[in-house]
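Asks: Working from the sequences, and respecting the hints, build out all of it.
Chains as they are written, first to last, in the numbering used here: chain A, 1 to 254; chain B, 1 to 254; chain C, 1 to 254; chain D, 1 to 254; chain E, 1 to 254; chain F, 1 to 254; chain G, 1 to 254; chain H, 1 to 254.
Just so you know, these hints were derived from the structure itself, not from any lab.
No false leads were slipped in.
Cut-off 30 angstroms, straight-line C-alpha distance, at most; resulting in silico cross-link-like pairs (DSBU-like, lysine-lysine):
{"no.": "1", "chain 1": "G", "residue 1": "K134", "chain 2": "G", "residue 2": "K210"}
{"no.": "2", "chain 1": "D", "residue 1": "K160", "chain 2": "D", "residue 2": "K210"}
{"no.": "3", "chain 1": "C", "residue 1": "K6", "chain 2": "A", "residue 2": "K91"}
{"no.": "4", "chain 1": "F", "residue 1": "K160", "chain 2": "H", "residue 2": "K6"}
{"no.": "5", "chain 1": "B", "residue 1": "K200", "chain 2": "B", "residue 2": "K89"}
{"no.": "6", "chain 1": "C", "residue 1": "K80", "chain 2": "H", "residue 2": "K6"}
{"no.": "7", "chain 1": "A", "residue 1": "K189", "chain 2": "C", "residue 2": "K182"}
{"no.": "8", "chain 1": "C", "residue 1": "K80", "chain 2": "H", "residue 2": "K9"}
{"no.": "9", "chain 1": "H", "residue 1": "K134", "chain 2": "G", "residue 2": "K189"}
{"no.": "10", "chain 1": "A", "residue 1": "K49", "chain 2": "A", "residue 2": "K9"}
{"no.": "11", "chain 1": "B", "residue 1": "K182", "chain 2": "H", "residue 2": "K200"}
{"no.": "12", "chain 1": "H", "residue 1": "K6", "chain 2": "C", "residue 2": "K91"}
{"no.": "13", "chain 1": "B", "residue 1": "K56", "chain 2": "D", "residue 2": "K56"}
{"no.": "14", "chain 1": "G", "residue 1": "K179", "chain 2": "D", "residue 2": "K174"}
{"no.": "15", "chain 1": "B", "residue 1": "K91", "chain 2": "A", "residue 2": "K9"}
{"no.": "16", "chain 1": "C", "residue 1": "K56", "chain 2": "H", "residue 2": "K56"}
{"no.": "17", "chain 1": "E", "residue 1": "K182", "chain 2": "E", "residue 2": "K200"}
{"no.": "18", "chain 1": "D", "residue 1": "K134", "chain 2": "B", "residue 2": "K189"}
{"no.": "19", "chain 1": "G", "residue 1": "K9", "chain 2": "D", "residue 2": "K91"}
{"no.": "20", "chain 1": "F", "residue 1": "K9", "chain 2": "H", "residue 2": "K174"}
{"no.": "21", "chain 1": "B", "residue 1": "K91", "chain 2": "A", "residue 2": "K56"}
{"no.": "22", "chain 1": "A", "residue 1": "K9", "chain 2": "D", "residue 2": "K134"}
{"no.": "23", "chain 1": "D", "residue 1": "K89", "chain 2": "G", "residue 2": "K9"}
{"no.": "24", "chain 1": "E", "residue 1": "K89", "chain 2": "D", "residue 2": "K89"}
{"no.": "25", "chain 1": "H", "residue 1": "K91", "chain 2": "B", "residue 2": "K6"}
{"no.": "26", "chain 1": "B", "residue 1": "K179", "chain 2": "C", "residue 2": "K9"}
{"no.": "27", "chain 1": "D", "residue 1": "K56", "chain 2": "E", "residue 2": "K91"}
8 protein chains.
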Amino acid sequence: MLDETKITKAIIEESTARFLDSLHVDVAIAGGGPSGLIAAKYLAEQNKKVALFERKLSLGGGMWGGGMMYPTIVVQEEAKPILNEFGIKSKEREGQYTADSIEAVAKLIAGATDAGAKLFNCISVEDVMIRENKINGFVLNWSTVDIAGLHVDPLTIEAKYCIEATGHPLEVCKVVQRKVGKLNTPTGKIEGEKSMWAGKAERLVVENTKEVYPGLYVTGMAANAVFGAPRMGPIFGGMLLSGKKVAEDILARL
Amino acid sequence: MLDETKITKAIIEESTARFLDSLHVDVAIAGGGPSGLIAAKYLAEQNKKVALFERKLSLGGGMWGGGMMYPTIVVQEEAKPILNEFGIKSKEREGQYTADSIEAVAKLIAGATDAGAKLFNCISVEDVMIRENKINGFVLNWSTVDIAGLHVDPLTIEAKYCIEATGHPLEVCKVVQRKVGKLNTPTGKIEGEKSMWAGKAERLVVENTKEVYPGLYVTGMAANAVFGAPRMGPIFGGMLLSGKKVAEDILARL
Amino acid sequence: MLDETKITKAIIEESTARFLDSLHVDVAIAGGGPSGLIAAKYLAEQNKKVALFERKLSLGGGMWGGGMMYPTIVVQEEAKPILNEFGIKSKEREGQYTADSIEAVAKLIAGATDAGAKLFNCISVEDVMIRENKINGFVLNWSTVDIAGLHVDPLTIEAKYCIEATGHPLEVCKVVQRKVGKLNTPTGKIEGEKSMWAGKAERLVVENTKEVYPGLYVTGMAANAVFGAPRMGPIFGGMLLSGKKVAEDILARL
Amino acid sequence: MLDETKITKAIIEESTARFLDSLHVDVAIAGGGPSGLIAAKYLAEQNKKVALFERKLSLGGGMWGGGMMYPTIVVQEEAKPILNEFGIKSKEREGQYTADSIEAVAKLIAGATDAGAKLFNCISVEDVMIRENKINGFVLNWSTVDIAGLHVDPLTIEAKYCIEATGHPLEVCKVVQRKVGKLNTPTGKIEGEKSMWAGKAERLVVENTKEVYPGLYVTGMAANAVFGAPRMGPIFGGMLLSGKKVAEDILARL
Amino acid sequence: MLDETKITKAIIEESTARFLDSLHVDVAIAGGGPSGLIAAKYLAEQNKKVALFERKLSLGGGMWGGGMMYPTIVVQEEAKPILNEFGIKSKEREGQYTADSIEAVAKLIAGATDAGAKLFNCISVEDVMIRENKINGFVLNWSTVDIAGLHVDPLTIEAKYCIEATGHPLEVCKVVQRKVGKLNTPTGKIEGEKSMWAGKAERLVVENTKEVYPGLYVTGMAANAVFGAPRMGPIFGGMLLSGKKVAEDILARL
Amino acid sequence: MLDETKITKAIIEESTARFLDSLHVDVAIAGGGPSGLIAAKYLAEQNKKVALFERKLSLGGGMWGGGMMYPTIVVQEEAKPILNEFGIKSKEREGQYTADSIEAVAKLIAGATDAGAKLFNCISVEDVMIRENKINGFVLNWSTVDIAGLHVDPLTIEAKYCIEATGHPLEVCKVVQRKVGKLNTPTGKIEGEKSMWAGKAERLVVENTKEVYPGLYVTGMAANAVFGAPRMGPIFGGMLLSGKKVAEDILARL
Amino acid sequence: MLDETKITKAIIEESTARFLDSLHVDVAIAGGGPSGLIAAKYLAEQNKKVALFERKLSLGGGMWGGGMMYPTIVVQEEAKPILNEFGIKSKEREGQYTADSIEAVAKLIAGATDAGAKLFNCISVEDVMIRENKINGFVLNWSTVDIAGLHVDPLTIEAKYCIEATGHPLEVCKVVQRKVGKLNTPTGKIEGEKSMWAGKAERLVVENTKEVYPGLYVTGMAANAVFGAPRMGPIFGGMLLSGKKVAEDILARL
Amino acid sequence: MLDETKITKAIIEESTARFLDSLHVDVAIAGGGPSGLIAAKYLAEQNKKVALFERKLSLGGGMWGGGMMYPTIVVQEEAKPILNEFGIKSKEREGQYTADSIEAVAKLIAGATDAGAKLFNCISVEDVMIRENKINGFVLNWSTVDIAGLHVDPLTIEAKYCIEATGHPLEVCKVVQRKVGKLNTPTGKIEGEKSMWAGKAERLVVENTKEVYPGLYVTGMAANAVFGAPRMGPIFGGMLLSGKKVAEDILARL
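Replies: Given below as structure tokens:
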């Protein structure tokens, strides 16, 4: 056997084993941005089986670009401990903390994998699995299949709880609204993100982090978008706290 | 001042200060893939001022996708110590080591930033600065300007040494060949990557890691591409060792 | 330091200082067409702090192309004094005035900058900042980020009053209608531009130049579009008068 | 375990086993058009291990559309026995045979799989594996990765002999010419397809079916294109005979 | 006459005769995926005149890619006899059967043509023909005309019964809903596919296989999509049984 | 003066004179397909001033391609005299007449110009001019401005009566519905074209040829689309008769 | 049979008969612009069998748009008789003649069809048929197949003489240069159009109208482009005379 | 006549008169960036007839965006007087001058029009007019025609001298090199821009401002690109001086 064949075999076998091992998990997360990664870490740390699926080739979502491509993020005091837990360096500035957005993304990913979460990229969640009135997992496909416009059927992953962490696009909630039934919101529908009000949004994003349909939790920007709260602007404290809260809420039920 | 204004101010001031502080560095690196990140770490660790520029929103280059989107990489024994230095978990398998490609990317980025390198995203190196026969820095632009097809002039960064780490595209070497002069290759031109021969390629990538034009070093896949060596396949040992070697060679001259 | 580094430093520092100085203004204007530029001039002339944001690389909006790319504009007698104040040459013709559309654009821009307004290009207003029931500023991003389809968070600018001057696209009003609340129109919604009736439209555009939501004024073609008046055709008198009126109305409240 | 999980597991395990079993084959074929499929059948029938890779989602290549989307093909007397062996119905017409192009494609695929060849779709051959002067296999990637413009490394398949059957595009030969060395043609390069001369082309396509570089055979339209013979037009006899001949030539050496 | 002219003549005459012979059929089928092909076979086997139109160059629809491009399909015990009738090899696995998705497609097409159905590719059904309250045929065009964005009028095919087998896109039913009248569904409209529940979906797809408007039957995934049942996932038993059932129902009326 | 300058001058002066002469006409027609051209001929023949505007570079609309790119049209007996009047050759076939679609287009254009109508290409009708409750002309722009996505203001043409002859797209009626007011249809809105029923459609297209809003007539396929009648298929008799009728109706009022 | 079926049958049968009748002609012309149409007319008038193929849906080529979309053409005195023969109205102006470009196109097409030439649209000439050293016909495909990027084989048409009349693109000559052999030009290759010199170009276009390869004549702008003469500008006299000359030269040999 | 008709008439007549008046000028300039505008001003100021053609809707070229979208430009001491002559405000900074890039563009345009130059937008120079060995003018087309991909012939403008001021694209020189003959450069060809060296480039751009082919001068970035000098970076002094020099050189010959 040539060296290349040995390498190829190793890659396919390891990756396939990891994917097959994740067909049946405690928690499945859609979206690899900050809140999804934080939820993954805190859940996996408690020995829960966690699989996270990101549509893009790279994880990290909207945090890479800081604000307007200025690669810095700002975090409030309350969320500073989370930065510390992930080893993200920060600098105090008038009661808030600034950090390098690129470093922050890298360490959120590293923290989640070190805790034992399984992260998958290039995979989109195109639908959910449903039994009577509970969501039981995700319907997955390669995101490249979608980009290429090919007609190829999806596969599935089964989970005790699912988390919507796709941010503004609300990819899972939109499917649920269209194909499953009423969401746990005032109107039973996606309320839609409101204009920017950083202070109010930061507070509400934690409040709105909850079960939005039996079996499906919502976290991060998706939480405010589905419950009709304002958008947050380039401040990430609420996002981090929301990721932690969704983990705690689900841990309490597992 | 509203909260949002405070946040905006913090982000612009911190990021601009970091960028202005990088206008004049010891080493400028084009390309945020594995070899560029490794070079950045080993140079910065020795207190050299390092700035790395990546065209995409996310760093990590071709390592995110493992092989054919199976998110695993393989590394040979010789490069295992580098994995360890970055804290990347690996698994022994018939004398080689496999690792999760997503974790690997994240920890390469984290390692480089922790060592003190400055990493910038969304910026492309569109040309070099030249004085007589030495390259003295990069000519930069937002990569979004290029995508949008706008006609906007670039700015510059000055460096004692530059590193071409853009992989297959050879973005810097192509400019040098077209606009500056003869490269330090057998024909004076880019020789072009050869077909795959993993074993030979892995050995040659380290040999080919050298100064390709006064002031410009080449590392990683770019090294084999410019010197006409075979491509490597989804094994990353040579890539990692090449990143370390380019750092050592430049350190010896600084 | 090389010459290029000096130049780069000068450009970044000057531009950043100008932008930071504009984070907190009296009036923020969305859209760099004729009415926005005229409003900018008359406000800045009275020593108000004004920042104008244009999505395109060039300012001037729909005036560059005259009518059907015939580069001439027509202005009625009532608006002739505004042409004069900006130094735009014109020619009498049956009681109206014709001018070179390219000259007109250039002098509107020159007039606004000479009056002290700060003009920014390549920046789009993607949302507004809100506090209870008042709009307090714009949420900004590079328009190239949008064109490139990147997921990058915006930054913000704070203003005592905001002006919607984006013309037909009504970029700000559409956001307000969707994410904030009822507009000050008969139906509470955008009424939509009606078919062409130059005479009526010219009269109405000045009438419709008013506050459309607390903190947000509307001017130029946007005024007729939001209040359901006819479109104007390639005559610019009403546009110019509307730009002047919005400035006067806001000056009265500052 | 939910039903869907059982199905997902079955699909991944079966497919992965089939792919891993094909990492090391007697013959690897690039291109799933008529000549590749016929070669696959005659090789597999003799108990050779054969893997065929097609870039598109569907196999069959240029035969689906007959001529100008009139879904009929024409085959000469000499190739009639091959139609029979695959069970393709045909109709005599002035010494030639016409068949339904859609039926023909389906039965070529069915024949190859029934003989035991492994057919893979959505996979492109982007390079070859080389050892000194022999081609030892293909470098593969998902074709959707290429369409999506992602930077993802390939994997490999090892083969005693490789067949270029990609037709006009000559995807493998172009790589060999650029990255490996001289082809076994008069000029050492791809000679390029000549204009149409059906009679001559039909004769030459069988003659040109041979080893074009150590380890690499060429068949079908690719044979004429690489050796500078005329193109054939919508007649498929030579194509079928060429597919059979390449199988026989390789069988003689295995 | 040159050889090429003879070939050209043969192709045009044979294909045109086949098309003209199909202008007036017992059953016209829109969509060349599994359920359409199976319906075609069982109808043609009973000597009914059948014409099937597929928009793509290749027939087979969503079955080529198995699940997530893993080229395997799964079929339940009840549908195993259909696999057998088409000669598709399968493997038992925990009470279900797996098959190679590429082989399966090829043999479904081969089976339909062997039974005497006429299959046409590159043709889209853009509308229906209507007389009072019955659908009497399809309005056809080259799908390349649509892709090229040309304004070219369609032609028509007349049929006693029509079958909608276009799957998720519901191309025929959408036209009927918009341009003809109420469908035979609870709301009179397309109910829309629900989220995945393989077991329930498999049962319902057979139930939902029925006449949805006078003269128009629905089969396969289209049946569940129009009647608001769940989607099936990468299991094809129900699809196959639905194709058989629609044939039987129509045969009962012919 | 060089020859080229003389030619350039001639072209601009002649064309501009023709356009200026058409700013003020009896009848303005939107759309250069068969019914528009026929209306133009019969109106111009009676010495009415007629200007017709076509968005494409070429006139002729959907008639060029016959049916499915088979370049033949069919016309019923009643419309045969119109073919004759334009000098279009035809062939009797079972009580209908076939003609070459390319010849037919050319002669419709030639007939309209010979009668004195002014035809303009590359110009789109993007809006109407309105006074109280009557449409008084078209708002025009170069269609290339629209394709290029430029923001350039339109110009106008004034007419006693306007004709909508844009076929399926209903470009004028859609603007009127959105921006002007109620149409003269059962619902006051565009009813939308129904599925194909050639016989009924042919009869109705003449009936539906009438004033749809004060000052605006509708003819050809647009007539059936706006009044909710079936589409016609590749038969052109009704189209031709509709073009003649709209001319007669308007002549009666001029 | 429904009416629609009768119409469909008529269209397919008439068109197919016309196409089959043209498989074997005296002269085949590539390109439906002015010189191709004129050649078609003068050849067909002498009872030669002529088939002309145009890639676009509409014939007329570059004449529709006059100069810079000003729809007027200019013709010199020498070519005035040709305008007359086609019945194109013109106006004297300083020794030259102006005509409406739209009328001119229509009447050139009408003239060619009236003379008996068969004109086909939506068909591109993608190659030639060759026997030893003579071109014997064209290799044709639907141009929509090319636009749609489908892989579909072409068909052919046989001709005693072929004419390249595709203008600037030189579609046939480029194929001949690449795939057949040396052209009858000074360098044996396409010389390339030179910059504009109307007077010289007008004279040369007639001189350059000749056989460029055995069996292939060149006419119109293509003649100057292949022989390296200047381009003509928006004057059409030489074009018309060239079309007439190519007809006369071929007539002399038939 | 309606108001709109009066406006339309005024716009067309004024613009057409201006264009016709420019068919025959002293100097024609291709490109509306800084050096073209400056040349236009200094030529027109001396009562020369000047026409400038810009491909885009807006003039100003690469100056709008400053450097990397930071809207500031830098100018050296030697060019400061030019800023003053145009009334562009500037600020001293370490021996150089910074200015607002948006203001600078506007005032360059205003200065050129005030001097009497005629500026045209949306027009591209696609070729030159040639007589023996002298360039005598430009071949023009709407740039929207090019963007729309339409085949429409150009018109022309005659000039005693022409200026290439299109910057990096060298639109005129590329045509001359390909279609006319040898340029006045060391190799007779375009030498190509070299990498950045601001100091050297600034000096050379003035030296390279000269006649590059009889009748054609080159200025601005185009001068360095054609003569193989380095690029300049975001400093505009040389650009401004080059524009002034080309005017002076041509004035000396008029």
